[in-house]
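Given the coordinates of chain A, work out where chain B should sit on it, guided by the hints.
Protein chains: 2
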Amino acid sequence: MNPQLKLSNIRNVLIRQEETIIFALVERAQFRINDIIYRPGGITLRGYDCSFVDYLLHGTEQLHATVRRYTSPDEYPFFDDLPEPILPPIDMGHVIHYAGINANRDIKQVYIEKIIPAICAPGDDEQYGSSAVSDVACLQALSKRIHYGMFVAESKFQAERDALMDRIHARDREALMGMITNNEVEEKLLKRVERKAATYGQEVDSPNPEYKIKPAFVAELYKKWIIPLTKEVEVEYLLKRGE
Amino acid sequence: MNPQLKLSNIRNVLIRQEETIIFALVERAQFRINDIIYRPGGITLRGYDCSFVDYLLHGTEQLHATVRRYTSPDEYPFFDDLPEPILPPIDMGHVIHYAGINANRDIKQVYIEKIIPAICAPGDDEQYGSSAVSDVACLQALSKRIHYGMFVAESKFQAERDALMDRIHARDREALMGMITNNEVEEKLLKRVERKAATYGQEVDSPNPEYKIKPAFVAELYKKWIIPLTKEVEVEYLLKRGE
Numbered sequence: 695m696n697p698q699l700k701l702s703n704i705r706n707v708l709i710r711q712e713e714t715i716i717f718a719l720v721e722r723a724q725f726r727i728n729d730i731i732y733r734p735g736g737i738t739l740r741g742y743d744c745s746f747v748d749y750l751l752h753g754t755e756q757l758h759a760t761v762r763r764y765t766s767p768d769e770y771p772f773f774d775d776l777p778e779p780i781l782p783p784i785d786m787g788h789v790i791h792y793a794g795i796n797a798n799r800d801i802k803q804v805y806i807e808k809i810i811p812a813i814c815a816p817g818d819d820e821q822y823g824s825s826a827v828s829d830v831a832c833l834q835a836l837s838k839r840i841h842y843g844m845f846v847a848e849s850k851f852q853a854e855r856d857a858l859m860d861r862i863h864a865r866d867r868e869a870l871m872g873m874i875t876n877n878e879v880e881e882k883l884l885k886r887v888e889r890k891a892a893t894y895g896q897e898v899d900s901p902n903p904e905y906k907i908k909p910a911f912v913a914e915l916y917k918k919w920i921i922p923l924t925k926e927v928e929v930e931y932l933l934k935r936g937e
Numbered sequence: 695m696n697p698q699l700k701l702s703n704i705r706n707v708l709i710r711q712e713e714t715i716i717f718a719l720v721e722r723a724q725f726r727i728n729d730i731i732y733r734p735g736g737i738t739l740r741g742y743d744c745s746f747v748d749y750l751l752h753g754t755e756q757l758h759a760t761v762r763r764y765t766s767p768d769e770y771p772f773f774d775d776l777p778e779p780i781l782p783p784i785d786m787g788h789v790i791h792y793a794g795i796n797a798n799r800d801i802k803q804v805y806i807e808k809i810i811p812a813i814c815a816p817g818d819d820e821q822y823g824s825s826a827v828s829d830v831a832c833l834q835a836l837s838k839r840i841h842y843g844m845f846v847a848e849s850k851f852q853a854e855r856d857a858l859m860d861r862i863h864a865r866d867r868e869a870l871m872g873m874i875t876n877n878e879v880e881e882k883l884l885k886r887v888e889r890k891a892a893t894y895g896q897e898v899d900s901p902n903p904e905y906k907i908k909p910a911f912v913a914e915l916y917k918k919w920i921i922p923l924t925k926e927v928e929v930e931y932l933l934k935r936g937e
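Chains A and B, in that order, are what the protein sequence lines are.
In terms of the working numbering, the first sequence opens at residue 695 and continues consecutively.
In terms of the working numbering, the second sequence opens at residue 695 and continues consecutively.
Bound-form chain A, shown alone:
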C-alpha cells in the first residue's frame, strides 16, 4: 500500500492539520464579524460584483493555481475558472482516484454562517483586509482537512474492499456511513481538539484562564461540521470508487 494511504500516516496528517485550523481561527478571531466583507457588493470593488472575501479568495486561488496547487490530490479550489500552472506538469501518482468531489460550497456556507459568528465579536472594526486574509487561510485549512476524507476512504476501501463494494453496489449510503464511522476515534479527536484549542488559544500571562476562542466551540465545530462533512466526502468517494 502507498505509504500516504496507511491509516496511521493519514491520522498524523489530520492531527497536524488541527493546529493549522486552530491557529487560523485564532487569527481570524482578533477581528469583529465585519459581515460587510461576505456580502456581494458590500464593499465596492471596481470591475467586480462579488464579495470582498470572494475577491481575495479567488485572487489567491488564481495565484496558487499557477504554481500547481490544485493538481495536488489534497487540494480543492473554491473556484473553477483558474489559470494553468506555469510549472511543468508532474505526475503526482494516483494515490486516490479522481472522483470529481468538491465540498467547498458547503464549507464556505458553514464557515460564514456558523463559524464566524461563533468566534468573532459582533460588529464592524473596519479591519476588512486583515479579516479577509485570515478567512482565506481558514477556508483553505478547512477545505484541505475535509477533502482529506478521500485519503481515509481510499485507505478503507483497500483494506475492506469486498465488504464496502457490496454496500457501494447497493448504493447504501447509510450502511457506508456506519462502516466508515469509528466512534472511539471520534471521541478521542473531540477531546484532543478541545485540549489543543485550550492550549493554543490561551492568553499567556493571564491570571485566570482566558481563551481567544472557546475550546468547547472548537470541539463542537469538529463534531457538527468538520467530521460530518468529511464523512460525506468519504461516502461520495466510495460511491464513485465502486463505479
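Hints should not be assumed to be uniformly reliable.
Because identical chains cannot be distinguished in the list, a pair is counted as satisfied if it fits within a single copy or across any two copies.
[To be verified] Okay, derived cross-link-like pairs now, DSS-like style, lysine-lysine, Cα gap no bigger than 25 angstroms in a straight line:
(1) 906 / 838
(2) 908 / 808
(3) 700 / 885
(4) 906 / 700
(5) 885 / 906
(6) 917 / 802
(7) 918 / 838
Worth flagging that the hints you see were computed from the coordinates, not collected in a lab.
Fair warning: this is a prediction, and the values are worked out from it, not measured in the lab.
Same frame as chain A, now just chain B:
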C-alpha cells in the same frame, strides 16, 4: 494624542503580533528547509526568473495591493511595482509621517539566512508550495511588526519632542538609539515571547515537553533581529521626522 499612538495601545498591538509571528513560524517549521525555493531559477517558472518564494510573495502583494493593503500606515510591501487599488481611496489620516522607510530587504535576508535554518529540519521534502505560502505569512508578519516601530517612534517623538529634536538635529544615531531603548521592557518581552513559544509551539499530549520550534530560539530571534531592526526603523523615522 491619536489613540493609535498611545504607548499602551501600541504595546498591545505588538504583543498580539507575537502570536501571529509564532503561529506563522510554527506552520513553516512543519516543512524542511527546501532551499530550492529561495534560489532564483531553483524552480523553473515559465516567464519568470525569480525564486519560487519571490514569485508567490510578489503575486500575493499584487493581489493585496488591489485592495489597498499598502496604503495602510502599518503595511510595507517587499516589491514596489504593485498595481493600483480597485477600492476607492480613503483618508487613513496621518497618524505617522511618511518617511520612505522600508526594511524589508534586510528582513527577507535575515529570514532566509537565519530564521529558516533555525526552525526547519535540513533537507528537501518537496513541500514547496506549502513552504512558500507559509513563508509569505511569516515575512508579512515580521515586516508588519518591525515597521510598527514607526508608531513607537512617533509616539515617543510627541512625548519628548524637544529632547529628541536636539539629537535629531545633531544626527546622533547613537544617542537616539539610547533614548528609544527601554531595557526593562525588552527583558520582559524576551521572557514573554519565550513563554508564548513554549505554549503555542508545544506538542499537546506529549509525555515530555516537546516543541515544534525551540522557545529559546524565538527569544533569540527577537533579541538578535526583530528588536534591533525595529529600533533601526525607529531611528531612521526620527531622523526623517525632524527634517
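Honestly, which of those hints from before does the structure not fit? The structure conflicts with no hint, since it agrees with every one listed earlier.
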